[in-house]
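Colleague: Listed below are the residues making up each chain.
Number of protein chains: 2
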Amino acid sequence: MEFSRRHFLGAGSALAAAGLMSAAGQASAQTAKVPAKWDETVDFLIVGTGFAGLAAALEAHQIGIKNVLVIDKMPTPGGNSIINGGAVAAAGTDMQKKAGISDNPDLLYSDILRAGGGLAHPELARHIADESVENFYWLRDKIGVQFEAVTYHGGHSVKRSHSVTAHMGSGFINPMLAKCKEYNIPIQLRTYLEDIIEDDKGVVLGAKVRTGYRFPRANSGKVKYIRARNGVLLAAGGFAQNVTMRMSHDPRLTAAFGSTNQPGATGEALQDAQFLGANTVHMDWIQLGPWTSPDEQGFGKTPLLTEPLVGYGPMVDPANAKRFVQETGNRKVRADAIVAIGHPVVMYACAKNVFGQAVGKNMSKEMFDSLLKSGVVHEFKTLKDLAAFYKIPYDALVAENDKFNGYMKAMNDPQFHTKFFKDGVPNTEANGPFYAWRLWPRVHHCMGGLEINNKAQVLDARHNVIPGLFAAGEVTGGVHGMVRLGTVAVADCMIFGRTAARSAKAYKQPM
Amino acid sequence: MEFSRRHFLGAGSALAAAGLMSAAGQASAQTAKVPAKWDETVDFLIVGTGFAGLAAALEAHQIGIKNVLVIDKMPTPGGNSIINGGAVAAAGTDMQKKAGISDNPDLLYSDILRAGGGLAHPELARHIADESVENFYWLRDKIGVQFEAVTYHGGHSVKRSHSVTAHMGSGFINPMLAKCKEYNIPIQLRTYLEDIIEDDKGVVLGAKVRTGYRFPRANSGKVKYIRARNGVLLAAGGFAQNVTMRMSHDPRLTAAFGSTNQPGATGEALQDAQFLGANTVHMDWIQLGPWTSPDEQGFGKTPLLTEPLVGYGPMVDPANAKRFVQETGNRKVRADAIVAIGHPVVMYACAKNVFGQAVGKNMSKEMFDSLLKSGVVHEFKTLKDLAAFYKIPYDALVAENDKFNGYMKAMNDPQFHTKFFKDGVPNTEANGPFYAWRLWPRVHHCMGGLEINNKAQVLDARHNVIPGLFAAGEVTGGVHGMVRLGTVAVADCMIFGRTAARSAKAYKQPM
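Listed in order, the protein sequences are those of chains R and S.
The numbers in my numbering rise by one with no breaks, and the one at position 506 of the first sequence is 1847.
The numbers in my numbering rise by one with no breaks, and the one at position 490 of the second sequence is 1831.
The set of hints was computed from the structure by calculation and includes no laboratory data.
Just so you know, not all the hints are guaranteed correct.
Intra- or inter-copy, both count: the list cannot distinguish identical chains.
[Unchecked claim] Straight-line distance between alpha carbons at most 27 Å, and here's what the computed DSS-like set of lysine-lysine pairs gives: (1) 1542 <-> 1374; (2) 1706 <-> 1796; (3) 1542 <-> 1378; (4) 1849 <-> 1374; (5) 1565 <-> 1542; (6) 1438 <-> 1542; (7) 1744 <-> 1483; (8) 1750 <-> 1378; (9) 1714 <-> 1642.
Start from the sequences, fold in the hints, and give me the full structure.
Modeller: Set out below in structure tokens:
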């Protein structure tokens, strides 16, 4: 198959990250020194404006921390959280009860541990499980988040993902931002954390930042030293967009892979903490989404088409027309299989399946038309046209298509054990036309990060607490282990963000 | 099953490590400051006397580094290396050719990458593959290591493990120590690296050590500052014996698990480097050996009995008499299954299998008798006696034993897909007596560690080289990825140790 690099380079964000890294490469290998004079003094400095950072800021205000400052290097607030799916896990709420769902913290705890494959830190998972209900009520009753329904996500024992009416993360972030405004909590954008500053005993005093920072230009903006009397919270997210950093931990994740994340997910705050001796855990558990198209950017719309059609249409390697994986396998199984092939694969289904399962169901006709118009999805009258377009060997494709249809009919796939459904129809010209699209995984979530305890305090390599340093959300590791359950990360961010605020309140910096 | 903690506590080394950690927990969270006066100045300071440290010392001498000092915290030299299996991988030697084995560096490279599951750093694997033959000749022709045969280890494409006549790591270590003596390279034992010292630009200047150190007593011995003009090499091994540290990365590996390692494998040098901002990779890939007995210490002799008998006798959970895993599965599959059960399991086989496959083959009759005498292996005339001794439900065991024998006869195990062999006989009283022993995994090898480049320079969290800091061997990560191939770690230690010496020679410390 002729494969153009255009689609990789077109991603943009990966390149930006690569550019950023070479700039950061020139930075000092050391942390910044304590300044002769601080430009500003606050009580609690929060780095990041996603779920974790904003939850921490609001909690801090509510428990009486006076001078809270929230900074973010990007020009807009919300980080990855604002483009999140828009649901939070909670186990045992009144909303579940009303829907007839019986749930409790122990059940959530055991679900997290099971998904984590033995690597989740039990005391962190326990903390989330124990706080999830209170956190849900806090969001609804004290912050004003509007919830719509309790939904199901894979791996959970019961429906416990509380979705917001906005159907995306902005349904949390916007009310949280409004509350920050009401509380007069300053949110300073384009402000980059360049270094965390500690004294000669290893106590975190504050930070060196750059105001008026233009991402991703290293050394842009003006240096400012901020003293933080109750400590610094890192709530700066993951490193999915930092190619060099993710390749240290998983060399497969070259610039050939884009990310579903916002471009600022580049992990510098995590690196800054490492220079204080902070320990990192599970950094090599980097989750890829197998459902994205190389022909659109970010998360895109293709996942909404791909997911309802697994088990209805085949995925093939265009180089040889062969299927290569259980189409209904989990994210990791599918992503690893495509990565091993090394180039985008093709998925297709006939119109009867596409319109029976996806379009008009979880995807509107308008959205589907826009995918056709932008050339992400293509329509073909015949399998011959489809094969010609993607340069797939035609005879081999016919044979593979017949085989897939036969497996579907028998409801049994002896080759890859793909699961079929009763309402699937054979992918034939009679049931056509065919719709086809390419798939190439994107880096989606960093399971690993800074090691913390259940007070959101950052631990160093010798397992001591780093005084005055807190972390919450995707910048931390150990909460989920190998695999995270959908919507638990949202609870994780908020619960540990709020916990960090309480720990900061209790923290007395040695003078 | 009644399960006594005695066997866990009896391991001793885990406890020692735990004790050490609480002591280390009192240490400063910061690295030591540059002293007003150095007590001693050398050219190259090497921490560790295993394969990596000694290879580095010898190479350093041979290329003309004058003042080399090797230190080790333990009272005897050789680290884990001296108790290693005693073979080194090399791809394309005259010894292979003589044995009719065709091999080359590309084949070794691809074997390492395949075993690494995508996580091995290609440039590190390449370096080992490219240097393995020269390293073998160096060992044989310049150091005087005596080789016996080219043997096979699982996962390699061909026989390429060059075994020494001594049949264990001392076959390398002893000639290396003799050569150090000949070269007048001082090896200072009971000397503990307490901290690596860098200047305010992040350049490594030397180390703070404790001489006359009594492992594992923190703060024992006398503080001494050693300046190292050409840098410091960390060749201090892994952290399999450090319970707190390994639980950060894999919470399952509690003190309930012993280790096959020498007690000094506690990882402090790795932690010291983290305080300079050194990056760590793959720390959660900690390999367990599934073949050890809780009734003897360390690696022990049980693995030599267990391995030839997989596929001949069943492994059962004593709580319910059920088999639980493919007995012929790989190390990870078996260890994970036993860990999930949470208590030791029982393996047994009838005398005809035991004497047909193990005793008198890879294990002498004397060794087997010593296992019987020490109560590691027990002899039972009947299955009833066996069940009574291990408190296994008898009727269930009879049923399971019959089932296993049936699978064996049919050469097909529909339950766990265990592989059987033609010379296996049914485990019956007629083929008895039965021999039985318990299995409980031990922590065996830390795949992860400090990130290095192919010059053995340590990289920091921002992917810059830490000037003057080198690392080689098990203290590093990234070389092997998820799984290491047998005897490649030995080549890894020696090749990167020697590479570090060459890098130190080329290194000019900024004055």
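Colleague: Run every hint past the structure and note whether it holds.
Modeller: Now for the hints, and whether the structure bears them out:
{"no.": "1", "hint": "1542 <-> 1374", "verdict": "both (13 Å within a copy, 11 Å between copies)"}
{"no.": "2", "hint": "1706 <-> 1796", "verdict": "neither (47 Å within a copy, 57 Å between copies)"}
{"no.": "3", "hint": "1542 <-> 1378", "verdict": "both (19 Å within a copy, 21 Å between copies)"}
{"no.": "4", "hint": "1849 <-> 1374", "verdict": "both (22 Å within a copy, 26 Å between copies)"}
{"no.": "5", "hint": "1565 <-> 1542", "verdict": "both (23 Å within a copy, 21 Å between copies)"}
{"no.": "6", "hint": "1438 <-> 1542", "verdict": "neither (51 Å within a copy, 60 Å between copies)"}
{"no.": "7", "hint": "1744 <-> 1483", "verdict": "neither (56 Å within a copy, 61 Å between copies)"}
{"no.": "8", "hint": "1750 <-> 1378", "verdict": "neither (75 Å within a copy, 82 Å between copies)"}
{"no.": "9", "hint": "1714 <-> 1642", "verdict": "within (13 Å within a copy, 68 Å between copies)"}
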